[in-house]
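All chains should be built: construct the whole structure from the sequences, respecting the hints.
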Amino acid sequence: MFEPSLLRVQNATFVRGGRRILKGIDWQVGRGQHWCVLGPNGCGKTSLINLITGYEPATDGVIQIGQDTFGNSDWREVRKRVGLVTNTLTTYIEPGEPVMHVVASGRDAKLNLWQPPSATLKKQAAGLIEAAGCAHLKKSLWATLSQGEKQKVLICRALMARFEVLILDEPCAGLDPVAREQFLSWMSEISEWPEAPSLIMVTHHVEEILPCITHVFLLRDGAVLAQGPKEKTLSSKTLGSLYGAPVKLSRKAGRYALSIQG
Numbered sequence: 001m002f003e004p005s006l007l008r009v010q011n012a013t014f015v016r017g018g019r020r021i022l023k024g025i026d027w028q029v030g031r032g033q034h035w036c037v038l039g040p041n042g043c044g045k046t047s048l049i050n051l052i053t054g055y056e057p058a059t060d061g062v063i064q065i066g067q068d069t070f071g072n073s074d075w076r077e078v079r080k081r082v083g084l085v086t087n088t089l090t091t092y093i094e095p096g097e098p099v100m101h102v103v104a105s106g107r108d109a110k111l112n113l114w115q116p117p118s119a120t121l122k123k124q125a126a127g128l129i130e131a132a133g134c135a136h137l138k139k140s141l142w143a144t145l146s147q148g149e150k151q152k153v154l155i156c157r158a159l160m161a162r163f164e165v166l167i168l169d170e171p172c173a174g175l176d177p178v179a180r181e182q183f184l185s186w187m188s189e190i191s192e193w194p195e196a197p198s199l200i201m202v203t204h205h206v207e208e209i210l211p212c213i214t215h216v217f218l219l220r221d222g223a224v225l226a227q228g229p230k231e232k233t234l235s236s237k238t239l240g241s242l243y244g245a246p247v248k249l250s251r252k253a254g255r256y257a258l259s260i261q262g
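Each residue of the sequence shown is one higher than the one before, counting from 1 in the working numbering.
Because the hints were derived from the structure by calculation, they are not lab data.
We treat Cβ as the ideally placed atom computed from N, Cα and C, and that holds for glycine.
Some hints could be false.
Claimed, not checked - In silico EDC-like cross-links for lysine to aspartate or glutamate, where the CA-CA straight-line distance does not exceed 20 Å:
1. K122 x E77
2. K138 x E94
3. K150 x E195
As the list claims (entries may be wrong) - Between beta-carbon pairs, the in silico distance windows are:
4. G127 x K237: 44 to 52 Å
5. G71 x A143: 37 to 45 Å
6. L249 x G71: 17 to 25 Å
So, in structure tokens, the structure goes:
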């Protein structure tokens, strides 16, 4: 029996203020695939994520999560299957919120719990925090965390909900080089978990494309430049077109680097 894609975007267009921000986007994410959405600033990455999560309605086209189609399904329920980790969330969490509460709140997609979580939720939250290598944060408050620690806690919060798809919107923004590598190493570990969600990492840095990423989606000026398996899609030529400059793509030990030529 045919199994629908976890995520399907068909001929999606998004117009705001008379400007066509997204132009006929087609994209499918299958079970077991891990994607990187790559593109320069202003190419439409955030708008695409907003369409998928239902925070912006597409002007035209189809957005489908499993068998649910935007406009025909309650997207508040659909969102419980698609996690989004973005720095925007940090502005909504109260400074005095305990880390354990932040993580536990992910089960029901809530923020700033009015009541302490149950003992069962606390135990599950503690397990995730320990798996992230952050056991020392279990008694901490949100305001005391570093940027890297906040990102890890938000990932733990997302994993509490057991999403099928987890979208990471520029998760390394604001991290120093060491914190970035530690975070990326942890994401590699998560991808190998038996019940790991399909990851979608949104970035404009090829250095953040992990070995576990199987596919890439290149977005330029609101349109698809290229997409497909990582090894067949990433090249100096395609990235030169993506960024509008002569570049050279290199790869070492499964990680990429980009340099400007000339």
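Verification of the supplied hints:
1. Restraint check for K122 and E77: the C-alpha separation of about 24 Å exceeds 20 Å, so the hint is violated.
2. Annotation: proposed proximity of K138 to E94 holds, straight-line Cα distance about 16 Å (limit 20 Å).
3. For the hint linking K150 to E195, the alpha-carbon distance of about 23 Å lies beyond 20 Å, and the restraint is violated.
4. Under the hint 44 to 52 Å, the C-beta atoms of G127 and K237, about 45 Å apart, fit the expected range.
5. About 39 Å separates the C-beta atoms of G71 and A143, a value consistent with the hinted range of 37 to 45 Å.
6. Between L249 and G71 the beta carbons are some 39 Å apart, a value that contradicts the proposed interval 17 to 25 Å.
Hints 1, 3 and 6 from the earlier list are contradicted by this structure; the remaining hints agree with it.
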